[in-house]
Amino acid sequence: MSTFIAITISGLALGAVYFLVASGLSLIYGLMDVLNFAHGAFLTLGAYAGWEVASHLTGALGTEGQFAATIAAATAGGAFVALVTEVLLIRPLYGRPISQILVTVGLDLALVGLLLGAFGSNSRAIPAPAWLTSVTRVGAERLPNGDFVALGAGIVVLCGLTWFLRYTRYGLVIRAGVENREMVQALGIDVGRAFTLVFVIGGAAAGLAGLLYSFVFSGGLVDPTQGDQLLIFAFIVVVIGGLGSLNGSVIAAILVGLVQVYVGFYLGSHNGLAELGNVSVVLLLAVVLQARPGGLLGTPT
Amino acid sequence: MSTTTTPTTPTDPTGAASPVRRATDRFVARLAGGPPRVGGTAPVRRTGSVVGGIVLAVFAVLPFVGVQVPWVLPGTVDVVNSAGTLQVLGLCFVFGGVALGYDLLFGYTGLLSFGQVLYFAEGAYVFDIALTQWHWALLPALALTAGVGLVLAVVLGAISLRVNGIAFAMVTLAFAQAMYYLIEDNPHGLTGGDTGLAMATARVPALLLGVGNTRDLYWLALAFLLVVYAVVWLATESVTGRVWMAIRENEARVEVLGLRSFPFKLSAVVLSSLIATGGGVVYLLLIGTVAPDAVASTTVTISVLVMVVLGGVGTRWGAVVGAIVYVYLQQYLLKVAAQPSFASLPGVLRAPLSQPEFLLGAIFILFILFAPGGIAGITGRLRHGIASRRQDAQKGGSSGARAH
Amino acid sequence: MNGSPVSAPPAGGTASAHRAGLALDVADLHVTIAGSHVLQGVSFQVPSGGVTALLGRNGVGKTTTLRSVLGLLAATGRVDLLGHDVVGWPTHRIIRLGVGYVPEDRDVFAGLTVRENLRLAEAGSRPRYDDVYRLFPELHERGRQLAGTLSGGQQQMLAIGRVLLNPRPILLVDEPTKGLSPKYVSEVVSVLERIGGEATILLVEQNVHVVRRLARTIVVLDQGRVAHAGAVEDLADEDLVRRLLGVAGAS
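Protein chains in written order, with our numbering: chain A, 1 to 301; chain B, 1001 to 1404; chain C, 2001 to 2251.
Worth flagging that the hints you see were computed from the coordinates, not collected in a lab. Treat the hints with caution; some may be incorrect.
[To be verified] If the Cβ cut is set under 7 Å, some of the chain A residues that face chain B in the computed set are: (1) 116; (2) 239; (3) 282; (4) 286; (5) 288; (6) 289; (7) 291.
Built from N, CA and C at the ideal position, the CB exists for glycine as well.
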């Protein structure tokens, strides 16, 4: 029983990280019809930005200050690379969705190569405060603190995004643009600025997710291909939730996170198949698509 | 625009087929149309086959060329028919075939798959497991590999074709990743997990073995590419091929014409998957071992996609050229990066240049931005430029000659 | 200026059409969609003030004309809109010249509330909610309702209302009465009549009675070209109506 609760919280934390990645992907796709393959590289870059700052700040700001700076660096790093990507690579290709996808594929290839060249294929350990990697005892339970941090970050971002979309002018433009981009332009609104904004938001969430994944699920380590692995699960979350639906990605992220850890723990590790949890998620995707090709909350096309 | 809504004589098979045929012909005509075709396609095609024939003949006799060429060869020895160089060229041909198969799917049918590596991995691994773990003979192992490949392609193709466009790309990616995880998991010790599985040589004919016989493997890879080229050529020129192209242009219209697009899309998926399976088989024979990161990771799919786009989408020969350029550059850059003089470069240069993926990714991005037609598009433009300049000269340089 | 307000296409004319009393001057407009040449050199003029109707059978390119004027479709030729040659401009810049667009299928944002739909359309610092709510009181009452749950007529009011929030010298209105119940048709018509008193309207409309009531001038498209341009009284010509509009007995 006690492991069940710990496993469940771990699954929810994983779902929170997936949501951070998938929300950006889903918004970008919904508004711009762009599948951002480079999102995986954004994740990794975010984690490396965190590593860079954390390892240079040792002792300067105290443990908590260092941790805050690490998180800020990862988020800002993801946002910055997303901004540059949108302005330099995506914007010149407006109206050519396939080329936009291909250019992000090339960017992912190039960025991962660059990271491999700069940092080598060995993992780097990101300095973190001791409490992050320890556990909290609740009765007989030993619950990792990192899980709660990831879960908290997911909830904060979800609330922030919901508020932004509901109550701000740009949120209104984005919601309208997801529905009918052309008509937004026909009201005299420069939808290109919303594109850039959505990319930056997605990049920031991805940078944060990359760092959290390293802390919580990767033993504090980051390596150049980590983001691409994570991205594939985020894609699965986006398709299961329904392309372009933020609420759909919330539900799907939780579902995928839980299925993955339950199957991985209860079926996989008992049979010596460490990757069974990962495989089960793909089966889940196949099942959902048979029942609802548009995803849980998407509209079938 | 005709606006007839009632279908005529739906029971007559030829009559029912002909409007489709006509409609698809229109699509094809429109696609292939455009300025370069104005002067007629026959001379271009004839020049193309002459060039192709010459290149093929050169490649076929290359193993007899013992000339030393400095700098440009990817092998460690600077001799054209060294085992290292022949192996790299063989790899070029294998991926040339796989890229052609991918072009059939992406370039001709318009299906963007991110999971092509699944079938390549299936070809390499199932063949390897049958030979190495179960000690099967060559032919039964081949039959099993083909059978599994066919079943996988039909089942997974049918599931992923439930969705369109971007979702299709993501679903194929997910399936391929599941295959990767299965291989990594090393179920029953079959796949060798992370370290991979070297091919047992006991049941493989001697002429396909060893460094001394790299020449035979080279020819095998070249033959594979030729066969794939012929198959893709026949398929894309057939009626089915026309429907593929019509689906790429406007799937809804194909359905309106009374043709279910699903079986056609599935046939494209299956054919291109089988080609990838064949590529995996030849890869195993050529390289002698498999490992998940080299054979089953998404990077392989991405590479194949990059090859096709670099060469020119939907042009057949473009995919082959793209693959050869990509693999050759990749191997060559690895060799350059391994040289001692490279280590003396400043870190700012060394870090990016040591990674072929970085350079290839950057080149790819430049192509997308500035030459979306790929290498085929560039040569097409050059050829058209020369042709029209010649025309200008013939017409005494009259200014209207180039206007369409 | 002299003679009929809709005359033959201008010869060259670099002088601003705006100064010549034209709100819109389209010359030799060509549009190709997916390989078919939909507009094949459309030329017409819309005088400032009042309603000009753009007529023609289904599929002759009326909507395409509006959309290419707005930059929603790539076009070649010359489009002089309120004194600017706007071909190649992005849509939002064209709109900001002071253009209101009411599209064929209303295209209100179904997932947004009525109020949010209006808020999205605010352009200046002082949106004229009072005027809009006076014209369409229902929009005020249903402010919190999702636009997707409105009836067709209510959606049309929203689509018109949102372009009236800001001063728009010219409105492009595409089939505003299509599929509406008679009650809403007469309401929409009376609103357009009132707007036409102060702004310029280019109206695509199939209903000949509506056209007669609202328009002063007409432009008739046929097979991607302008087949007739003149005063609305030309619609009395039975032969013209039957030949170009495919409807019999307009009187």
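Hint-by-hint comparison with the structure:
1. The interface hint given for residue 116 (chain A) holds, since its Cβ lies 5 Å from the closest Cβ of chain B, which is under the 7 Å cut-off.
2. For the restraint placing residue 239 (chain A) at the interface with chain B, the shortest Cβ-Cβ distance is roughly 5 Å, inside the 7 Å limit, so the hint holds.
3. At a threshold of 7 Å, the smallest CB-CB gap from residue 282 (chain A) to chain B is about 4 Å, leaving the interface hint in force.
4. Checking residue 286 (chain A) against chain B: minimum C-beta separation of about 5 Å stays under 7 Å; hint holds.
5. For the restraint placing residue 288 (chain A) at the interface with chain B, the shortest Cβ-Cβ distance is roughly 10 Å, beyond the 7 Å limit, so the hint is violated.
6. Checking residue 289 (chain A) against chain B by beta carbon gives a least distance of about 5 Å; that is within 7 Å, so the hint holds.
7. Nearest Cβ of chain B to the Cβ of residue 291 (chain A): about 10 Å, over the 7 Å cut. The hint is violated.
Hint compliance for this structure: hints 5 and 7 are not met, and every other hint is.
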